[in-house]
Every structure is written in structure tokens, then in C-alpha cells.
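Listed in order, the protein sequences are those of chains R and G.
Residues 1140 to 1461, numbered by the numbering used here, are exactly what the first sequence covers, in order.
Residues 13 to 348, numbered by the numbering used here, are exactly what the second sequence covers, in order.
It should be emphasised that the hints constitute simulated quantities derived from the structure, not laboratory data.
Take these hints with a grain of salt, some might be off.
Below, computed lysine-lysine pairings styled on DSSO-like, alpha-carbon distance capped at 27 Å [as the list claims (entries may be wrong)]: (1) R/K1272 with R/K1303; (2) G/K71 with R/K1303; (3) R/K1163 with R/K1393; (4) R/K1272 with G/K133.
The structure presented is a predicted model; accordingly, all values stated were derived computationally and were not measured.
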Amino acid sequence: MELPRQRLLDAYRSMRRIRAFEDKLSELVTAGKLAGFLHLYAGEEAVAVGVAAHLSDRDTFASTHRGHGHCIAKGVEIRGMMAELFGRSTGLCKGKGGSMHIADLDRGMLGANGIVGAGIPLAVGAALTAQVKRSGGVSVAFFGDGASNQGQFHESLNLAAIWKLPVLFVAENNGYGEATPNEYASSVPDVATRATGYGIPGVIADGMDFFDVFEKAGTAIERARRGEGPTLLECKTYRFYGHYLGDNLAYRRKEEAEEVRQTRDPLDLFERRTAGEGWLAGDELRSIDAEVASEIEEAVSYAESSPFPTPADVTTDVYVRY
Amino acid sequence: MAREIPLLQAINEALHLAMQSDPDVILLGEDVAGGSGRADQGIEEAWGGVMGATKGLYKAFGPGRVRDTPISEMGFLGAAVGAAATGLRPVVELMFMDFIGVAFDPLLNQAAKLRYMFGGKARVPLTVRTLIGAGLRAAAQHSQTLYGITTSIPGLKTVCPSNPADAKGLLLAAIRDDDPVIFCEPKSILFASGPCPEGEHVVPIGKAALAREGSDVTLVGVGRTVHVALEAAQALAREGTSAEVLDLRSLSPLDEDAILTSLAKTGRLVVIDEAPPRCGIASDVAALCVDRGFDLLNGPVKRVTAPHAPVPFSPVLEDAYVPSAAHVLAAVREIG
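Given the sequences, and given the hints that come with them, work out the whole structure.
Pasting the structure below:
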């Protein structure tokens, strides 16, 4: 499938932003500059970007604990994200959310979520809003293979199916729920199989291949916009850094991650395909790499030079009015 | 105020008014209509809610806004939170508050915290209506008084009316509130009638009400226990003791000033709660009196609560379980 050049360049920039952002966080943690729990999205870029390429601000994402990639793909401002991770008052959530709760409702980003599976019904609710208000919007629930064993997943699929809600369920199957392999934790190897139980389409995409995700997500999103209901799209993917930054990775062979990085890195696959087809030139991508690198550096400087919240902020924003 | 209607009808009127005045208000819950999907057989709105609170709403506002849900509390409460955060104003019926166990995350970690976690950029105008309390011989899993749980969670508001006028006014306030509100309906007084204004009637959340004025002792109640307190106050009056009865109405926010004002007047206080004694409203009110009102006290604060036990089935046991006027009188006598 050939896309307009600009859309290809945008998709690459978005994937590169995610990779550069996550690699930078890894560096910052090593340097002792960041606090808290960080679950990095590196390796899964093609999923968020392949889906987001079909959407605009009227459409909604509900995300996971591994949410940076979804935020960036949805157009959330990088400086605000970085400042949030540094716990500064200029952060998107004024330093109150941190990595697992970055949200930007103006961009249709309904939040990363610290509870596995909890974003799924939120996306169903956003789809309910779209249906009741006839906004034409679609919502997307991202979740991991681990969440597919949560009750919220099953209840949400059923509810969305009976009400034919405009929602896309995107299972990011990276093979592991925390430190437990999916083949142990799930009764079926493919999350998509579970769509059958709810009478909705279940589709598998290569989550490392932007083009495969883009095409299959597009079909599902069009179906949702036509009012024909939800689809479960499973994207087979891989998390380069493990569950969280600092993970000992003892549950997987050392060679496993290295092999995926060498042979199935979604950015490499994208470049190979676009170069092979003659759609994009390598130097165009290198100049995007350079722009993104300086954008990330600028975000770090912005965050580091931003003020911290004050202790009085502890009790603000609990309610609209109390 | 001459008109008297049952508390249940007051709830129904508030729902009608809220849905009429705001197209963003939708209703979700198990059997809020009942019989959905059988219009072709001439079946519509089979129940109108398990107690009948939502009768007529499906017919008035249609299947888009009044939705029967599967028995799937976590799914539809979670969806309601998502809908609230994206522009609707959902009213969810959680049939019995006991079912909060299978649906807790959407309340505890989502509705209560989105606004805070997002630095004030989200609003979750969600109302959860739910039945509480003993009185219908429904036993341990359909009779609990669990408002203490939601009261303890920052980000949620919790209210509980004791009469039809407050039920109508507090429910309208809850639905129009931009924060998530848990609206508790004491099932033992659902069918009790009382005065209730027609048309618009809003009672502000966070304000207690004086149910009876007095000067010798303050009796604090909520929901059904307001009636227990009033019954005790009548008996005390016959003995020459003037009891003031304060109806909390709102548990979060708690009207601390109203409690302390009454305590300043009487110097003695008994708080009556249908929940078990630990970590609950009664303990909260007692702690407030000791913490902020110590110098006002002429005796110990007494808590009259259910025992630290599940709600039993046998009518004999259930009647012994819930606080009664006799328990209140005994507590008042203990503090002179």
C-alpha cells in the first residue's frame, strides 16, 4: 500500500520520536535523573503509529502503563511529557501524574493507566459518548497480552459488541505480562481468538510492520465509523527494554531481544520497505532523526529548567469543587 | 410542601428532570428499563429498575439514553467513567452497593483519580445510584451499608438522603455536579412518603440539615438512622431531655461545622450509623468531635452502630443487627 509522501514522513517522525524519547529516558535513569516506574514502549512503535495515522483529535486513545508511545503517536506535546516525567509544574499533568498517567484530553488522549486492563472500558465509554453525541469519533483501547486475561477486557468486548460501539481494541501482544510468558498465562496463543466469543472480527497484524498495522487498523476503524461495531486487532510485537526500566530480564534469553532488535526493529523495517519501494530516501530519514534528537534534547532542557510544583499543590485538582 | 410522595418517586422525578434539562445525561444499569431487545414482541420497559426508580424514563427518552446493561458492573461502570470524561453525564445504577466488589477499580482508580492525575484537566461528572442497608431480609450480600468505603476515597463525593425532598434535591445536585458522586439509597425507607417539592428542587451537596432542634444532646444520623434518632428524640422528650437531630445528608464532603455547632449547643453527642463500627462514619464523626470539639464536650462521644458482623438473614437477627431507638436511648443514658 502506498501512502502520500508526507504521511510516510509523518509516520516515520512519530516512530523515531517514540524511540528517541524512550532511549533518552533510559539514559536519564542511568544518570539518576528520573524517579518512579518507567515502562518503555521502544520496539512497539509501529502499533501506536500505525493506528494513530488514521485518527484525529476527535478520536480517543485509552492507553496503558506503557503509554509514552501512544501519547506521542496521538500528538501529545513532547516537552510537556518530559516535564511531567521530571515531576515539574510545567508537566502535562503539573507533575501529579507521572509516567503512568500522562493524559491530554485536547488531543483525545484519555490517559496512560497504571491498572492493567483499566483503560479498556474507558475507551468503550469514549465510544459511547461518540455514539450518543453522533460525533463520528472512534476510540481505541490499547492493552497488552496480559490485560487480555483481565475481566475488564472481557466485559468491555461484550458491552461494545452488543451496543455496536465505534471502538477498536488493540492488543499489543509483546509476549510477556510482566515476567510471565503469554504462552503460560493465556489459554490461547492468539488474543485475537477471543473475538470469536464476542461475535466480533478478530484480526492479527505484524506489530513490527507499520504497513500491516496501518492497513488492518484502517479496515477496523472504517468499520467502526460506519456503525458496524468493534474489532479486536492483535498486533504481535516486542518490548525491547523488558517490563520496566531496571527489569533483570531473567525470563528471556539474552539473544532473544538482540535477535529482534537486529531483524525486526520496526524502524528498520519501515526504512527497508520505503527505500526498497523508492518511496523515501535515506537522507530524508536521517534529517528527521537529527531534528528529533534535538527536539528531545530541547525537551530535557525545558524539563530540567522548569520549576517544581509547590507543596500547596498537593491538595489542588482533587475535585472541580468540594 | 403539602404534597407527600415516596422517596422512590422523588428519585424518579429527579431523573426525569435531569434528563429533560440536559441531553448529555444518560442512564445505564441492569434492568433500568428491563426486557430490552424485545420491542418486536411488544415488550418495553419490563421493570424500570429493580425497585422501579427508573420507570417511565425509557419510554420518555428512548433506548439511546436509557440503556439496559449486561450484568457486568466493572464493564459498564468503567464505560461510564470513560463517557463522563469525554462529555456525557452518565447516571449509573449499581443495583446494590454490595456489588461494588466486582466493580471497584473504575471507582477507586479511575473516576476518583483522573482529574488529579491529569493535573486538573479532566472532569468526571458521573453519578452512581446504589441501594444500601438492611431491612428487606436480603442477607449478607444485598444489605450492606458501604458508604464508608467511597467516603474514604479522595476524589469521590458520597451522599445519602433520609427523606424524599432531600433525595430529589441531592440527586439533582449530584447529576449536575462535575465530580463523581455516589448517591446512596437506603432501601428500608424507599417506600416511605414525605413532603417533596414539585419541579426543580436542588439540595447543595456538603450541607447537613437539622431534623429536630434540641439543647441537651445531639443525635447525628444518616439515611435510615435519622429516623432512628428522631424516634429516640421523641422518647427522650417524654423524659424531659431535649435532643437535637442532625441529618448528615452528605458524607463527603462532611459538614463539620454543622456537627460542631450543634455540639457547642448541647455538649453531648451520639452518632448513629447502620454500618459496622470500624473505620466508618460514626468513628469519623467521633474523631472530629474529639479533635476539633474537645473543649465543647461534656461527656464521651457515643457511637451506636451495627456490630462487627455481616448482615444476617433471619428477621429476628436482622432486627437485632440494625441500630434502634432503644440502642440510642441506652447510649444517651450512659452519658448522663
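Going down the list of hints, with the structure as the test:
| no. | hint | in the structure |
| --- | --- | --- |
| 1 | R/K1272 with R/K1303 | 15 Å, holds |
| 2 | G/K71 with R/K1303 | 22 Å, holds |
| 3 | R/K1163 with R/K1393 | 22 Å, holds |
| 4 | R/K1272 with G/K133 | 21 Å, holds |
Checked against the numbered hints given earlier, the structure satisfies every one of them.
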